[in-house]
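Could you slot chain B onto chain A? The hints should help.
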Amino acid sequence: GAGVSQSPSNKVTEKGKDVELRCDPISGHTALYWYRQRLGQGLEFLIYFQGNSAPDKSGLPSDRFSAERTGESVSTLTIQRTQQEDSAVYLCASSLDRVVGTQYFGPGTRLLVL
Amino acid sequence: DQQVKQNSPSLSVQEGRISILNCDYTNSMFDYFLWYKKYPAEGPTFLISISSIKDKNEDGRFTVFLNKSAKHLSLHIVPSQPGDSAVYFCAASSKAAGNKLTFGGGTRVLVKP
Chain A
135 GAGVSQSPSN KVTEKGKDVE LRCDPISGHT ALYWYRQRLG QGLEFLIYFQ
185 GNSAPDKSGL PSDRFSAERT GESVSTLTIQ RTQQEDSAVY LCASSLDRVV
235 GTQYFGPGTR LLVL
Chain B
45 DQQVKQNSPS LSVQEGRISI LNCDYTNSMF DYFLWYKKYP AEGPTFLISI
95 SSIKDKNEDG RFTVFLNKSA KHLSLHIVPS QPGDSAVYFC AASSKAAGNK
145 LTFGGGTRVL VKP
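For the record, the sequence lines run as chains A and B. My numbering numbers the first residue of the first sequence as 135 and each following residue consecutively. My numbering numbers the first residue of the second sequence as 45 and each following residue consecutively.
No wet-lab data here; the hints were simulated from the structure. There could be a bad hint or two in this list.
Below, a sample of chain A positions facing chain B; criterion: calculated Cβ distance under 10 angstroms [what the hints assert, rightly or not]:
{"#": "1", "residue": "136"}
{"#": "2", "residue": "169"}
{"#": "3", "residue": "184"}
{"#": "4", "residue": "187"}
{"#": "5", "residue": "222"}
{"#": "6", "residue": "226"}
Here are the computed lysine-lysine pairs in the DSS-like style, where the Cα-Cα straight-line distance is at most 27 angstroms [stated by the list, open to error]:
{"#": "7", "chain 1": "B", "residue 1": "81", "chain 2": "A", "residue 2": "145"}
{"#": "8", "chain 1": "B", "residue 1": "82", "chain 2": "B", "residue 2": "156"}
{"#": "9", "chain 1": "B", "residue 1": "115", "chain 2": "B", "residue 2": "98"}
{"#": "10", "chain 1": "A", "residue 1": "191", "chain 2": "B", "residue 2": "139"}
{"#": "11", "chain 1": "A", "residue 1": "191", "chain 2": "B", "residue 2": "82"}
{"#": "12", "chain 1": "B", "residue 1": "98", "chain 2": "B", "residue 2": "156"}
{"#": "13", "chain 1": "B", "residue 1": "81", "chain 2": "B", "residue 2": "115"}
{"#": "14", "chain 1": "B", "residue 1": "49", "chain 2": "A", "residue 2": "145"}
{"#": "15", "chain 1": "B", "residue 1": "49", "chain 2": "A", "residue 2": "191"}
All C-beta atoms in this analysis are idealised placements derived from N, C-alpha and C, irrespective of residue type, glycine included.
Chain B with its partners taken away, still in its complex shape:
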């Protein structure tokens, strides 16, 4: 049973436009959510996170939105740049479970120049 789902396996966007990545979860115990970016042959790189007590967190071009009632979060990248082309993973954790991360399946983003 997948507790964290990214329903879009891929996304193509024009440089300069907004990229919106979505993630749904089922476990109401999750209290911390993260987005990681992964290039081929590298480990995931932390991008941005949000605590369950907030509904928005912004860091430069990256904004994460959390809708707890819908158990949904999204990552907005604006403006998108060619260097943003990578696989993006949504992850969730709970303090009660030692903060081990449960990952979604990833969304491959391609930013076209």
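One chain only, chain A, in its complex shape:
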């Protein structure tokens, strides 16, 4: 596809379970970003990847959150031992590179932790 895709589109889980969210960036985009949007709030930066450089993890809220990226393609965001405050829409974006480039967003994964 031409755009950023994310899966699953919706995820309901029980508190304490682990979840894994996936992002497929636009082909050729070397920079990939994860954000989250909690209800009624703006988007918060979580982590970004640029090529083979070390990721910037400065936005991850706790050590329960981690993310990986395989080369310049798919990324997965993992949340371990989910808590109710993790409920949010998790958005992935990609851009041509991290220096210049508009970020294009996927549709998001809506996570609900019961």
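Positioned in the frame of chain A, the structure of chain B alone reads:
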């Protein structure tokens, strides 16, 4: 500490009139500013951007103005159309920080026919 603020949570405007959305920022390192539009259950869609070396950028019905001394930017939509009804987010980034976006809280725009 919110580095990017949109002080108006909502805006209602008549079709055909101008919509003006405002955004303030505090971080003087920001060098690139963007506006995104978001419909429910969709990801944000890029609208328009402006570099800190400019004070105006225009694209069709959308114009963004940047006042660096006031650390303020605005988005003008003219004429407003019912399809413009959405939540609009202001975002800012800096090359030094890898272009990660810092978002405002959003302004919900309703364009009445």
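Verification of the supplied hints:
Annotation: residue 136 (chain A) was flagged as interfacial toward chain B, and the flag is violated, the nearest CB pair being 13 angstroms apart, outside 10 angstroms. Annotation: interface hint on residue 169 (chain A) holds; nearest CB of chain B at approximately 7 angstroms, less than 10 angstroms. At a threshold of 10 angstroms, the smallest CB-CB gap from residue 184 (chain A) to chain B is about 7 angstroms, leaving the interface hint in force. Hint status for residue 187 (chain A): holds, given a least beta-carbon distance of 9 angstroms to chain B, under 10 angstroms.
Taking 10 angstroms as the C-beta contact cut-off toward chain B, the hint placing residue 222 (chain A) at the interface is violated, the least distance being around 13 angstroms. Because the closest C-beta pair between residue 226 (chain A) and chain B is about 8 angstroms apart, less than 10 angstroms, the hint holds. For the proposed pair residue 81 (chain B) and residue 145 (chain A), the alpha carbon gap of about 24 angstroms is at most 27 angstroms, so the pair holds. This hinted pair checks out: residue 82 (chain B) and residue 156 (chain B) have alpha carbons roughly 18 angstroms apart, not beyond 27 angstroms.
A C-alpha spacing of about 13 angstroms is found between residue 115 (chain B) and residue 98 (chain B), which places the hinted pair at or below 27 angstroms, so the restraint holds. Distance restraint check for residue 191 (chain A) and residue 139 (chain B): the Cα-Cα separation of roughly 16 angstroms lies within the 27 angstroms cut-off, and the hinted pair is therefore satisfied. With a C-alpha separation of about 25 angstroms, the suggested pairing of residue 191 (chain A) with residue 82 (chain B) holds against the 27 angstroms cut-off. Among the hinted pairs, residue 98 (chain B) with residue 156 (chain B) is inconsistent with the structure: their alpha-carbon atoms are about 32 angstroms apart, more than 27 angstroms.
Restraint check for residue 81 (chain B) and residue 115 (chain B): the C-alpha separation of about 21 angstroms stays at or below 27 angstroms, so the hint holds. A distance of roughly 30 angstroms separates the Cα atoms of residue 49 (chain B) and residue 145 (chain A); the hinted pair therefore is violated under the 27 angstroms criterion. Proposed proximity of residue 49 (chain B) and residue 191 (chain A) is supported: the alpha carbons are some 23 angstroms apart, at most 27 angstroms.
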